Amino acid sequence: MTQEGAVAARVQHLTKTYGTGETQVVALDDVTIDLMAGEFTAVMGPSGSGKSTLMHCLAALDTADSGSVMIGDQELTVLKDKALTRLRRDAIGFVFQSYNLVPTLTARENILLPLSIAGRDPDREWYDAVIATVNLADRLDHKPNQLSGGQQQRVAVARALVSRPRVVFADEPTGNLDSASGAEVLDLLRRSVDEHHQTVVMVTHDPVAAAYTDRVLFLADGRVVDELRDPSREQVLETMARLAA
Amino acid sequence: MIRASLKSLLARRVRLLLSTFAIVLGVAFVTGILMFSDTVQRSFVALFDSTVGDSVVRPVNSDVAQQGAVFSTQTVPASLQPDLERLPGAARVDGMVSATGVYVLSTGGKVVGGSGPPAFGGNWNDAPAGHGLEGLVILDGHEPHGADEVVLDESTADRAGYELGDKVSIVTATQTLDVHPTLVGIAGFREGGSLNGATYAAFDTPTAQQLFLDGKDAYTVFWVTARDGVSQEELTEQVAAALPEGYEAVTGDDAAEESAGPLLSGIGFLTTFLLIFAGIALVVSSYIIVNTFSILVAQRSRELALLRALGASKKQVIRSVQLEAFAVGLVGSTLGLGLGVVLAMGIRALVSSIGLDLAHQPLILAPRTVLAAFATGIVVTMVAAWLPARRTGRIAPVQALRDDVALPESSVRRRLLLGVALLAAGIPLALVGLFVGAVPHNGWWVGAGVLAVLLGVTAASPVIGRPFLRATGAVEARAFGPMGRLAGQNSLRNPRRTTATASALMIGLTLAFTVAILGSSAKASVDKAVEDNFIGDYVVSSAFGEGFSPAITDRMAEIDGVTEVLRQRYGFGLLGGDEDDGLSIVATAPETIGDFHLKAVAGSVSDFADDTVLLKEDWADDHDLGVGDTLEVTLPTGAKKWRVVGVVEDSPLVFSPVLTTTQTLLDSGFPDQDNYVVVFADPGATGLQERLDAVVEDLPVVTVKDQQAFAAEQRAPIDRIIGIIYGLLFFAVVIAVLGIVNTLALSVIERTREIGLLRAIGVSRRQLRQMIRLESVVIAVLGAVLGVALGIVFGVTLMYALRDQGLERISIPVVQLVVFLVLSLVLGVLAAVFPARRAARLDVLRAIAAD
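Chains as they are written, first to last, in our numbering: chain A, 7 to 251; chain B, 31 to 881.
Each statement offered as a hint is correct.
Stretch-level coverage of chain A by chain B, calculated; a stretch enters the list once three of its residues show a Cβ under 8 Å from a Cβ in chain B:
#1 83-91
#2 108-122
Within a straight-line C-alpha distance of at most 20 Å, the following computed DMTMM-like cross-link-like pairs (lysine to aspartate or glutamate) qualify:
#3 Lys246(B) <-> Asp702(B)
#4 Lys88(A) <-> Asp873(B)
#5 Lys646(B) <-> Asp680(B)
#6 Lys149(A) <-> Glu784(B)
#7 Lys86(A) <-> Asp873(B)
#8 Lys646(B) <-> Glu662(B)
#9 Lys86(A) <-> Asp68(A)
If you're looking for bench data, these hints aren't it; they were derived computationally from the structure.
All of these numbers come straight from a predicted model, not from anything done at the bench.
Glycine residues also receive a C-beta, built at the ideal position from the N, C-alpha and C atoms.
Generate the whole structure from the sequences, applying the supplied hints.
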């Protein structure tokens with residue numbers, strides 16, 4: 007686990023555009039951010055603000071036109087596909103909006119998939135801790151289609167946590183869930199930060215979700231336009247309203 | 031609605047291409063085979079029509095020998111010609127000399143052709159064939175004149191490598207002919223066409239008479255050409271009235287039919303045989319089309335549900351799927367027709383290995399073929415699409431709003447019941463066809479039974495295959511770790527799809543392995559028969575049982591180390607003159623009869639003399655003949671009565687139930703030729719093979735074989751036939767492998783999001799490719815295992831049914847079994863190349879976002 011106060015991920019002067027000429031869209035416009043280890047960060051902004059692109063670049067799923075991306079002390083922009091794949095496997099965890107579990111595998115197998123792909127044995131103690139945190143011990147032998155949406159998303163969170171990545175990225179993890187299930191998932195992410203010093207970055211629309219985090223970054227037109235520390239739901243709503251105006 | 035379904039069709043180009051491919055191959059196979067059989071049929075009809083005149087004059091009973099493929103020495107005298115020319119209906123009369131077994135040697139000293147189609151020799155003339163048809167004409171050079179000139183047909187000259195002016199080597203098995211005339215002309219049909227692999231060497235008439243008829247001023251037949259307005263029948267009546275006793279006239283049509291009959295029925299067999307393979311290809315491609323459409327519809331189920339939600343009726347949805355099938359069928363049939371032409375050329379090349387050389391025959395594309403191509407392509411596709419189309423009707427509109435739409439599927443239990451029902455019907459059908467001799471058309475029974483069993487196994491395969499899929503899944507998980515486990519789970523995800531894909535491969539491999547068992551059993555039986563029956567140390571014979579000069583046998587008898595030679599000759603007659611009761615006859619010299627060591631059960635072998643016969647016990651019993659009775663046989667020289675002097679136990683040395691003397695056969699109009707000679711050697715003799723070989727050095731047709739070589743020669747035709755069957759089944763396997771490609775490619779498209787997820791959490795491209803490859807291998811191996819298992823069942827049952835017909839040994843070729851299984855692994859890996867690459871190249875972000 008990374009030390010408190012260290013930078014877990016960093017982007018500098020990151021720029022990305024789509025299309026050319028008239029139809030050109032600037033998704034990221036010279037963005038520079040430090041994401042601190044052991045922090046729960048939310049990225050917010052209206053559609054087209056570049057928040058998803060930012061996260062995809064951070065998570066080694068997409069490449070930017072210029073600027074640098076670092077996970078820990080590893081510069082991503084110089085890596086080839088093979089190394090990026092290995093980085094995703096070992097240093098990054100993912101939680102998607104739609105649960106994205108492998109339907110043929112049981113919950114347990116889904117959780118252990120990144121480790122078994124890497125050919126590593128799970129750290130027994132850590133695995134038990136993760137299972138305890140996500141509170142799924144009695145559901146581990148079920149296939150995804152036997153689980154509710156909230157349970158599936160908790161499996162996805164457990165899968166992201168189990169390989170002890172430097173950063174867990176969550177892309178609207180509560181977007182498809184009712185509020186109770188959503189709260190369970192957010193609580194889970196929060197506790198992984200508090201109890202295990204996990205670094206978590208979450209893209210969201212939801213001020214309620216944002217209120218679970220330590221820090222909220224607001225994006226608009228590809229730029230970071232505002233930032234809140236230890237936000238409440240009201241503060242987030244206020245900022246959003248102000249930015250939209 | 032129509033626009034919507036056509037649009038959706040075009041939007042899925044890859045899927046369209048893949049589903050069309052199966053149809054293209056199936057249709058191509060049918061087209062190719064129909065084209066080929068039309069071509070064969072027409073080429074033979076044309077060939078035989080050009081080998082008869084309007085009226086043919088010949089010795090009575092010359093058709094007897096022809097039926098037994100033995101040539102008689104009977105001729106018609108040239109002195110008949112003036113009488114025939116005076117007939118009012120005759121425009122001209124031409125004497126024809128013809129002989130078989132006249133071999134042309136290539137520039138390299140090898141016999142041209144000779145492996146099936148006959149080798150003709152004769153006199154050159156320009157007589158028109160029946161109905162004014164133009165026969166062979168000189169295409170290049172000029173007609174032969176004098177003893178030193180010869181004309182060859184185009185294909186023979188080509189294959190032998192001769193050009194005009196070259197010295198041509200021509201031999202016969204009898205060694206009565208060994209000449210080296212100059213090639214002065216190339217003959218052929220003006221409008222294309224060939225002799226279909228036969229060879230033809232023509233001399234001028236006096237030379238031909240000298241060479242083939244011992245210099246007699248006679249002919250094999252006369253062709254009488256009718257004047258304008260005189261029919262073949264009228265002319266033949268006039269001719270018949272003018273002929274002396276012992277000669278007959280037949281119309282050209284009848285003569286052509288007589289000589290073409292046995293050949294055409296052989297060709298008919300070949301056509302039926304090929305059509306069976308077309309049927310197999312169609313069944314296999316239907317599997318793939320059904321499978322493809324099931325997947326396509328499953329993938330479109332959300333879209334179809336949306337259409338339903340927007341107000342489309344069940345009927346409209348079903349119709350849109352069927353319209354899609356129609357469009358795909360139409361495109362597939364058109365492309366298949368084109369590929370079929372290419373395939374017909376392939377088959378033409380394939381059969382040339384059994385001596386049916388059609389390289390010079392133009393391929394015939396009959397309207398019927400075009401019709402059949404489109405009918406099969408469109409009908410099969412629409413029927414194949416009907417099942418999944420019907421299921422689409424059951425998609426509820428509300429499903430459009432759900433995330434994961436599952437197409438309603440009939441339960442696996444119902445499939446199992448269907449499979450069991452088909453097996454319960456098919457097995458008895460096949461067994462009745464095989465073992466109850468009394469039912470008519472038992473081939474159909476067996477065919478229907480086998481088809482029912484194959485379909486039954488296919489229907490039940492999701493259940494039969496499940497334990498196999500589980501087992502391979504476990505093996506792969508152990509051997510290949512997490513990707514192996516994923517692959518194993520994926521194969522089990524939709525066992526029906528996996529097993530249906532495997533079933534297509536199963537059919538091809540079932541038949542291939544059945545054939546492998548038949549072939550290897552037949553060869554084992556040949557080996558056993560040779561082992562049991564081979565007596566003496568060497569056998570001298572020609573490849574097709576043609577006769578050779580007795581002088582060869584005489585010279586061999588004098589070789590140092592040879593203790594004894596036994597000669598046999600073959601003849602053919604009609605028992606009691608009945609056209610349908612052909613009888614093969616064997617002859618030997620009375621003074622050597624003791625060396626056959628025959629055991630008489632009645633009468634005495636020592637009474638064996640001219641105009642008497644010895645009969646084998648079983649045959650004598652069947653025909654109710656005993657010592658002192660008379661055997662009536664019609665031979666080329668007419669009806670004969672032979673006295674039975676002995677009934678003997680069966681002996682492997684005597685190939686026919688009736689044994690008479692050499693002189694008796696000579697008197698009956700058969701040539702002075704030995705057919706089969708057994709050489710006994712001094713045990714201490716060395717280098718004997720070389721000395722025997724030296725005797726037949728100049729006769730490439732006649733060979734000296736020890737037991738091993740003889741067995742190999744007997745096995746060779748089996749290998750050739752198996753080779754052709756493998757060649758044809760290869761197409762069925764290709765279709766099946768494309769089916770695997772199809773299923774995998776479609777399932778990759780279906781799993782786009784899942785694949786994206788795997789890539790996102792750190793699965794490398796290599797690992798992804800490995801996963802797809804393993805899935806493919808599981809399908810291929812399942813198909814191979816089912817195929818080989820069924821092949822063993824079919825093969826062994828068939829051999830058991832045939833055990834009375836001399837095929838006593840049942841042999842399962844283990845090496846081939848291993849080869850088949852390994853081959854299926856390779857096929858699996860190959861089939862995965864394209865889908866795996868596609869999966870590995872998916873863009874991670876877009877794949878995750880895909881719906």
